[in-house]
Every structure is written in C-alpha cells, then in structure tokens.
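From first to last, the protein sequence lines are chains X and V. Using the working numbering, count along the first sequence one by one with no gaps and you end on 426. Using the working numbering, count along the second sequence one by one with no gaps and you end on 426.
Incorrect hints may appear among the rest.
Identical copies carry no separate label here, and so any pair may be met within one copy or between two of them.
[Claimed, not checked] As a list, the in silico EDC-like pairs of lysine to aspartate or glutamate whose alpha-carbon atoms are at most 16 Å apart: (1) K123 to E174; (2) K123 to E215; (3) K123 to E208; (4) K344 to D361; (5) K344 to E364.
No wet-lab data here; the hints were simulated from the structure.
Protein chains: 2
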Amino acid sequence: LNELDVIRKLSSNLPDAPEEVIVGIGDDCAVIRLGDRDWVAAADMLVSGHHFEMAWSTPEDVGYKAVAVNVSDVAAMGATPRFILVSGGADDSETTLRCMEGVMQACAEFDVFPLGGDTTRAAALTIDVAILGELTAPPVLRSGARPGDLLAVTGELGASAAGLLALQNDHREPERLIQKHLRPEPRTAAGRIAARLRVSAMLDLSDGLATDAKRICEASGVGCRVELEKLPISEDTREICARFDRDAKELAATGGEDYELLISAPEDVVTALSEGLEFPLTVIGSVIEGEGAIFLRNGNPVQNLSGWDHFS
Amino acid sequence: LNELDVIRKLSSNLPDAPEEVIVGIGDDCAVIRLGDRDWVAAADMLVSGHHFEMAWSTPEDVGYKAVAVNVSDVAAMGATPRFILVSGGADDSETTLRCMEGVMQACAEFDVFPLGGDTTRAAALTIDVAILGELTAPPVLRSGARPGDLLAVTGELGASAAGLLALQNDHREPERLIQKHLRPEPRTAAGRIAARLRVSAMLDLSDGLATDAKRICEASGVGCRVELEKLPISEDTREICARFDRDAKELAATGGEDYELLISAPEDVVTALSEGLEFPLTVIGSVIEGEGAIFLRNGNPVQNLSGWDHFS
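Please work from the sequences and hints to get the whole structure.
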C-alpha cells in the first residue's frame, strides 16, 4: 500500500454525496455549493519528525509552510483562500506556540482568517491545516486536459529541492533556494487568472512533476509528453546540482514541493495567461492521446522518473 | 504555558475578522455565514502516541473517535454535522488505512460526508478532523449563561473515565464503559433541540466537567454551583470506581471525554428540553453571580478539582 492506494481504497467506499457536493475526493480540493457561492475545501498535514529537519527549519517555518501548502491547493482550483482551521502540537507548549505564530504570519501573508482548531501534544511537531476557499469562476479540475493542449508551469522547478539538497549537505545558502523550500509561495493570483481564462486542467506541483503530471493524465484520460530541456530551472538551482553531482533536469522533474501550478490549455489560452502574469509561464510539453506521462531527454524517453510517496 | 495559554496568546493576535465570521475562535466551533445559511466549523486532533493505548484501541477506533469528537463540537453549537476533512497517518500504510476505515464507519454513523484530506507518515498514529456543520437555529454559545439559569447535563458522567480506568488496570470489561471511552456517542439530536428551545449556553464535555463548567462561567461572566451528589453516574461506573478505590463523584466531575452536553437555561426551558429527549437530562446545579465554578460535596466546597490539560 502506498499513499495513492490508501486514497483509492477510501474513495471506492464513499457514501452517496449530498447535493451540495460538486466535486468530491480526488482533486486538489473538493468543491461544495453553499448558498449562492461555490467553495473549495482541502486539508494537508505536516509532520516534522526528524531532528535534522528541526535543525533547518524553525517551528515558525513549519507552521507557515502548513498554511502555504493548503493555500496552494486552493490556488490550483482557481479559488481565493479565505478560512483555515489549524490543529497541531509538539512535545512542549513553547514549540507549539511558535509553530502557531508561523501559522498567523502565513494568515497575514495570504489574507486567510483562522477560525479555530486544536492544540495537542505530539512527540514530533505535527500540524494539520484545513482550508476553505471561495470561487468566483468555475473550478479548474485535473480532469479537463485534452489532446492538443499545451502543458505549462508557472515560475521555476527544482528550487525547493535544490534548497533541500543544500540543507542536507549542511549548507545554509543560497538563501533564496532554502527559503523556497522552507516558505513556499503559492500561486494564488495565477490560479485565479487561469480559472477566469478557462484553462482545461490545473494542479499544484507538490509531489514532483513526474508524479503530478501523471495525475492530470489519469484524471483526464489522456497522456502527455514533457521535454526535460524545457523545464524552467534557475541558475542557482543548476549550480547547487552541479556542486552536489545531481542532474538538474531530473531534480526539477522529480523534486517535489515546488508549489508551482501545472496547467493544461489550448495554445491561445496559454498565451493569454502568460501575458496576464508578472512572472514566467513556461510551456514544457503537450497533452496527447493515450495514457501516462512520457518524459523526453533530447527526444528520447526517460524511464523511472518518479516523485514523492510518503509510504515508499 | 498550558493549552489554554496557547489559545489565549493566539486569540489575542488575530487579524480583523471578515464579514462572514459571526463567531470566531473560542467557542466549540466558529460560526460563518455562507450564502443564506450559517455554518459551524471546528477541528480536533488525536495522537495515539502510547503503545498501551494501541493495545486497547484499534486504529479503526481511533479514526472513529476522531470523527465523533468533532461531531460533538458541532452538536454543542446546536448544529447538524455535514462535511469533514480528515488528515492523518501512522508508521505504516496498513494502520493508516485501518484508521481511515474507522473514519468512514463514523461518517456512516453520523451521516457526515468526507470531502477529502491528506495521508502522511507519522511515528505515532495521528489524525485530525475538520468539520463543517449546518445551523437551522441560532448557534448556542458558551457566553449566554445568566444568573438564575439551571445547569444540566445530558446522559451520564464518568462512564468514559471509568472505561479508561478499567483499561488501565488491564480489564476488558465492562464492555459498555470501554465502548463509551473508545467510541463516544455525541449528542447531536439533543443539541439541535436545545438550540431550537433557545437554551442560554451549551458546550460538550470533553475535558471534564470541572474544566468545562469554568469555561461557560468565564465566557458568560458568571459563576456556577454544582452539587456532586446530583451528577448522573451509572451503576457500572460506581462499581469500577469502588473496585479501583476511586471516588465516583470526583471521577464524574473531572474524568473528561464524556461528550455529553452541559447546558445552561431557565427552568422552564430545561423542563421542555427534558421532555423532548429520549434519555435523561439531569440538573446538576445553577448559574450564579460572580465567577468560577464551585463544586459542593454535602454542601461544602471541594477544592482542587480540575480536568485535563494536554501540556500539564
């Protein structure tokens, strides 16, 4: 059993959905119609079990990140983050409080309001955030990708993984990459614009492009081709990879925790979206008939690229 | 710092509430107006860190209980539980899956629909549930108790603590009490009726009557008197207490995890509520001017009764 298996087993066993449920389990968020509006809902839990993690990141970082990754799920539906519930705890109340202060910093940063939650005691610093976001355009699902669409990503790939690689090698720089890892920047404005432009599919890259591209393919009943040469990789990410003898393209394709948006849309929509953003949108491939995500290096398929699985 | 301190420090630092927020942090649930309805929202996390706990309770029990305690928070507002988000994990995916199956059992039992969530890896089985409930009457807050009101509790007190006491002494019976501990029964129907009858204050007894009665007093700016002789204690709870040399009344006043409702209301409302229920509602004291919860044994104040604090 891996994480996907757990989710699949549970999803196969669901009761009938109440009429308010527009989209159930399986996308970045569920969608429910409450009154005259559609809302998205999701939850993500972080467990900082390892002592080395706690040497890199402060409890405030962990609290901040727990909110940011949920905001990213909301962004991936094209919605605006509004409310959170937050539960968590550590072995001592001081660490718990510091973590919650990071939560409050993120609430201020992303303009979300904390409705409540729970504090408890846990051997490892643990935090779960549940989020409600508001839709003003139809939600963008994972399932709408169509053959002929382009695949594009916001921002850059591999920066968070490069920051982690630096930390794992006892480096405290480059600061920019380490911050990308510790305090990710969800793409809420881009998500909203993408929804208004009716992109065909979208998700946020949390588990690595290789895993997440497959998710769009499975949900949409299509395949895709991604060219590793096209992945947007920053100079500092390349330098870290060179220093620690890692392939930068592979890191960018598998690293995880980018929290950039992966978007499928016809070419004219991609062009319009690109013009609406203040940061790069990069076409990395296309949607095709078939199934599975094919990654190409110099035109040749690359095998065994895969992202993060909590239970592997 | 104890758990209340953590909550107080965070509550003192909140941003301005959006206009949808009717009730913020500090009650059993927050209340938000979405469209034409009012909704309640809360979250509660369970961490089963101790090996002895896992010898008593199955992963399914833990998942079930995590939903039940959240349903109880919704009941304490007078609302109907509708949707949950659930995050959690254990050291292996099999345990995670079994826990999630307990979640699904509880969803069926309490008629709530799982919208999604997250699975992760955690050394100790950890589960957090966030819940949305729907209001069809004004929410009942902790802050409405008035001098002259009666204090009443649904059902019985101390049963869960007695079940725990049995387990701690390696007993596997009485089964009824152990089930009260492992799979609590939230009082949703009673909560809804209480809300329709406009009781003045209500909360669910999670941390023990001694602690929770104080919470109503603090929120309402009143005091209360509780007579230990009046606490509804079942025969099997008394027997367990006698066997293990514990004072049954004290256990009932401090034990925690009863998930009964503590209700404040004028006498005529208490009478009407009692007639509407299919199980006992017991008057245990009254609301008075002043502050603090005074517990009386044979007319004399009892000192040092206190409930559960995660960080004490």
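How the hints compare with the structure:
| no. | hint | verdict |
| --- | --- | --- |
| 1 | K123 to E174 | between (35 Å within a copy, 15 Å between copies) |
| 2 | K123 to E215 | between (36 Å within a copy, 9 Å between copies) |
| 3 | K123 to E208 | between (38 Å within a copy, 11 Å between copies) |
| 4 | K344 to D361 | within (14 Å within a copy, 72 Å between copies) |
| 5 | K344 to E364 | within (12 Å within a copy, 69 Å between copies) |
Hint compliance for this structure: every hint is met.
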